[in-house]
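Student: Please put together the full structure from these sequences, using the hints given.
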Amino acid sequence: MLKRTALFEEHQKLNGRLIDFGGWELPVQYSGLMDEHVACRTAAGLFDVSHMGEVHVEGPDAEAFLNYLVTNNVAKIAVGQAQYSAMCNEHGGIVDDLVIYRRANDRFLVVVNASNTDKDFAHMQRVASGFGKPAGAFTLTNESAHYTQIAIQGPKAAEILQSLTDTPLAPIKTYWFAEGKVLGSIPAILARTGYTGEDGFEVYIPWEKGPEVWRALYQKGQPLGLRPCGLGARDTLRLEMKYPLYGNELSDETNPLEAGLGWVTKLDKGDFVGKAPIVRAKEAGLRRKLVGFRLVDRGIARHGYPVFTADGQTRIGEVTSGTQSPMLKTSIGVAYLTAEHAAEGTKFTVDIRGAKVLAEVVPTPFYKK
Amino acid sequence: MARFPADLKYTKDHEWARIAGNQVTVGITDHAQSALGDVVYVELPAVGRSIKKGETFGVVESIKAVSDLYSPVTGKVIEVNTALPDDPGTINRAPHTDAWIIKVEVTDPASLNDLLDAAAYESFVATQK
Numbered sequence: 000m001l002k003r004t005a006l007f008e009e010h011q012k013l014n015g016r017l018i019d020f021g022g023w024e025l026p027v028q029y030s031g032l033m034d035e036h037v038a039c040r041t042a043a044g045l046f047d048v049s050h051m052g053e054v055h056v057e058g059p060d061a062e063a064f065l066n067y068l069v070t071n072n073v074a075k076i077a078v079g080q081a082q083y084s085a086m087c088n089e090h091g092g093i094v095d096d097l098v099i100y101r102r103a104n105d106r107f108l109v110v111v112n113a114s115n116t117d118k119d120f121a122h123m124q125r126v127a128s129g130f131g132k133p134a135g136a137f138t139l140t141n142e143s144a145h146y147t148q149i150a151i152q153g154p155k156a157a158e159i160l161q162s163l164t165d166t167p168l169a170p171i172k173t174y175w176f177a178e179g180k181v182l183g184s185i186p187a188i189l190a191r192t193g194y195t196g197e198d199g200f201e202v203y204i205p206w207e208k209g210p211e212v213w214r215a216l217y218q219k220g221q222p223l224g225l226r227p228c229g230l231g232a233r234d235t236l237r238l239e240m241k242y243p244l245y246g247n248e249l250s251d252e253t254n255p256l257e258a259g260l261g262w263v264t265k266l267d268k269g270d271f272v273g274k275a276p277i278v279r280a281k282e283a284g285l286r287r288k289l290v291g292f293r294l295v296d297r298g299i300a301r302h303g304y305p306v307f308t309a310d311g312q313t314r315i316g317e318v319t320s321g322t323q324s325p326m327l328k329t330s331i332g333v334a335y336l337t338a339e340h341a342a343e344g345t346k347f348t349v350d351i352r353g354a355k356v357l358a359e360v361v362p363t364p365f366y367k368k
Numbered sequence: 000m001a002r003f004p005a006d007l008k009y010t011k012d013h014e015w016a017r018i019a020g021n022q023v024t025v026g027i028t029d030h031a032q033s034a035l036g037d038v039v040y041v042e043l044p045a046v047g048r049s050i051k052k053g054e055t056f057g058v059v060e061s062i063k064a065v066s067d068l069y070s071p072v073t074g075k076v077i078e079v080n081t082a083l084p085d086d087p088g089t090i091n092r093a094p095h096t097d098a099w100i101i102k103v104e105v106t107d108p109a110s111l112n113d114l115l116d117a118a119a120y121e122s123f124v125a126t127q128k
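Line by line, the protein sequences are chains H and R.
Under numbering that gives the first Met the number 0, residues 0 to 368 are what the first sequence spells out, in order.
Under numbering that gives the first Met the number 0, residues 0 to 128 are what the second sequence spells out, in order.
Read the hints as simulated data drawn from the structure, not as lab findings.
The C-beta atom is built at its ideal place from N, Cα and C for all residues, glycine as well.
Every clue listed holds true.
Cβ-to-Cβ under 8 Å is the rule here; a few derived chain R residues that face chain H:
| id | residue |
| --- | --- |
| 1 | Gly36 |
| 2 | Asp37 |
| 3 | Val39 |
| 4 | Tyr40 |
| 5 | Glu60 |
| 6 | Ile62 |
| 7 | Lys63 |
| 8 | Pro84 |
Tutor: And the structure:
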């Protein structure tokens with residue numbers, strides 16, 4: 000039995016095409032991927048992301064625990080601020096990427112990937128149990144079932160969301176949030192975060208309030224060009240920005256430095272889970288690197304396709320994600336390449352159903368305003 | 000207008016065939032294009048290639064999916080729609096007309112026998128839900 004979000008019936012009403020996404024029955028598209036993608040870039044997109052996991056970490060030692068759990072420096076987060084981070088295992092492999100919201104000095108909301116929620120929570124509990132301080136002066140609770148999370152993204156997102164709340168949205172900077180009310184009385188976390196490269200918000204509300212908030216956003220936004228967006232557009236939007244996706248670019252076997260997450264891996268902050276192997280890997284020199292590429296010839300390079308040198312003779316890596324970019328109208332992708340072949344401008348080939356198709360390492364994000 | 004034109008024959012792989020003497024024009028159905036979504040890539044066979052009924056002769060890709068093309072008949076490819084690789088979206092806009100994919104000269108007339116008519120194909124599609 001697939002899990003459903005509180006918005007399941009809304010997706011049905013909007014003719015969403017429902018698929019099994021990591022055990023969740025969610026829409027892959029409504030009106031069409033291309034249409035939804037362009038709407039998000041030019042007006043607004045509305046996404047049900049309630050399948051994401053939410054974990055509360057609270058107590059006097061919550062910050063110290065999180066700082067030991069994740070790669071980024073949690074001490075740098077102010078109340079009302081959010082931070083992107085990664086959580087590693089003892090071997091330095093990535094358990095998940097996540098966003099931490101500091102709601103008070105001793106209260107954090109940690110948002111993790113849907114399909115990893117159970118694995119992540121078990122990992123957090125395991126780390127917590129070995130954290131040293133007996134019983135630990137913090138609590139860890141999996142609140143995923145109690146949240147509806149709606150993302151509204153795009154140049155019109157703030158205007159549309161503002162019509163539902165008295166909380167002024169303009170002062171909220173990117174990767175900050177406010178706690179307020181929507182539709183008069185519904186408590187909400189209004190976070191200027193997202194996964195599309197557009198300005199926009201992720202709105203956290205009680206699970207059962209999802210449908211009325213979704214409908215209100217849709218009704219306000221639709222005349223302004225807002226479209227409900229499925230998982231298909233969510234994937235192409237993130238890929239145009241080269242945002243990593245767990246399971247594609249990130250896994251238990253990849254370390255955050257080779258995955259391009261060096262900017263959220265603070266090796267100077269004190270110890271954290273996985274730090275020693277990450278430092279060793281850095282000192283030894285990274286063997287592979289995650290790069291963006293475009294196909295010079297026609298085709299689409301998809302997850303798992305093997306990558307070879309330009310002459311097609313030597314295997315040098317693997318594609319992690321690829322698509323036709325709806326905005327650029329070119330074929331783009333992300334791949335792990337051996338470090339010596341990862342420089343911008345390097346030509347290589349992708350094996351697409353037996354044909355070696357020419358590609359080139361290019362700067363990212365692919366899409367720029 | 001009926002979704003599936005009555006003058007075409009169909010397969011359970013969601014190809015259509017327009018039969019004119021021993022020449023057959025082949026494309027994918029409106030149901031197939033709708034299931035695929037926005038088509039962004041088409042791979043055509045070489046003219047002159049012999050293909051058997053049920054054999055893969057090309058590929059269409061949408062952003063989310065790769066789909067093989069299966070020949071509805073046995074014969075030789077005599078023409079391919081060279082406009083498609085430059086404008087794959089034709090397959091979404093006009094699947095049964097402008098977006099024909101190949102023309103085949105039939106070498107085994109018996110391979111035409113079990114193709115579905117429009118009504119039978121429509122019933123088949125209804126069971127695929």
